[in-house]
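Top line first, the protein sequences correspond to chains P and U. Residue numbers -19 to 202, in our numbering, belong to the letters of the first sequence in order. Residue numbers 5 to 105, in our numbering, belong to the letters of the second sequence in order.
Bear in mind the hints are in silico, worked out from the structure with no lab data behind them. Some clues are possibly wrong.
[What the hints assert, rightly or not] Which stretches of chain U does chain P cover? Using the computed rule of at least three CB atoms under 8 Å from a CB of chain P, they are:
id, stretch
1, 30 to 42
2, 50 to 61
3, 64 to 72
4, 80 to 89
Ideal Cβ placement from N, Cα and C applies to all residues, glycine included.
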Amino acid sequence: MRHRRWPVAKSEPLLAHQFSDRTQQVEADSLGMWVFICTEVMFFGALFTGYALYRFTYDAEFRLASHPVSFLLGSVNTGVLLTSSLFMALALHAAQRGDRRQLLGFLWVTAALGVVFLAIKLKDYSDLWDHGLVPALHFAPDLPMPPRAQLFYVFFFFMTGLHALHVLIGVVVLLGLSWLAYRGRCSPADHPTVENVGLYWHFVDVVWVFLYPLFYLMGRSS
Amino acid sequence: MKPDEHVYAVRAYLGVYAALVGLLMATVAIARLDLGAGNAVAALVIGAVKAVLIVLVFMNARFSPPASRVFAGVGFFWLGILLVLTMGDIVTRGWVPSAGE
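Take the sequences, apply the hints, and build the full model.
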């Protein structure tokens, strides 16, 4: 089962004219996606560095400020995203085997888990809104807050918000991909597309894997 | 073997998923203990292990074309430079008394 190829569809062009063979084309596809992910690493990386800098400078304040952030919602959301990554990997596996029904099913489960993640995120944000912890829009904490708590919440909303935007884009892309697969475009030429969408989705998961300890676990025991 | 042909067995994906969920439960358990600075270190180390598992297996980086693997590494390497040099500056400020003090 490990190296099976797709049955070749007659109508699909397998090779774009600028490539000399299919391996070159697939490698170029993959390289382009990884270059994009590199830019995303730098994009989020600058924010992570900013967070590290301020957290080092105001460690005690950040710990105290992070108390109202829901440990439960963050942990559940981590589980949701990890599970969605499993289904994305299974979707690629189905695409590699040319199993369209399974591909569709797994893509839909992945997208649905993305929606669940966003719904939980919304609950998370609305709880913080109720506590008056949204900088710029509604910052009037109903709990005692250390100085510079607002700085912590600026990082919190900017970083998790940017991440949630990536999840939202991922859900739209997954639905687009499943529409293509539904319309019957499920040929060997499309399996690198599934792979590249998967790369994006897993990358978004990796970002969350670091956001979770930085925002939801800090100061949990203190 | 051509790089685009590597297919993981479903069992490998399930194994990695089980490991990820195990690590998540370990994180949750450790977060409830008071280890001082150890909490942050443990949480970040577990996060890093999760990230490596996702990148190597789910993102198939182990069997990607060499150029892709270079880029996968380069992004994180440059991020490392950014973090290490920035924090190296911030953390060591004040170690050496300046002329004005």
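Results of checking the hints against the structure:
| no. | hint | in the structure |
| --- | --- | --- |
| 1 | 30 to 42 | holds (count 7) |
| 2 | 50 to 61 | holds (count 7) |
| 3 | 64 to 72 | holds (count 5) |
| 4 | 80 to 89 | holds (count 5) |
Comparing the model with each numbered hint stated earlier shows that all of them hold.
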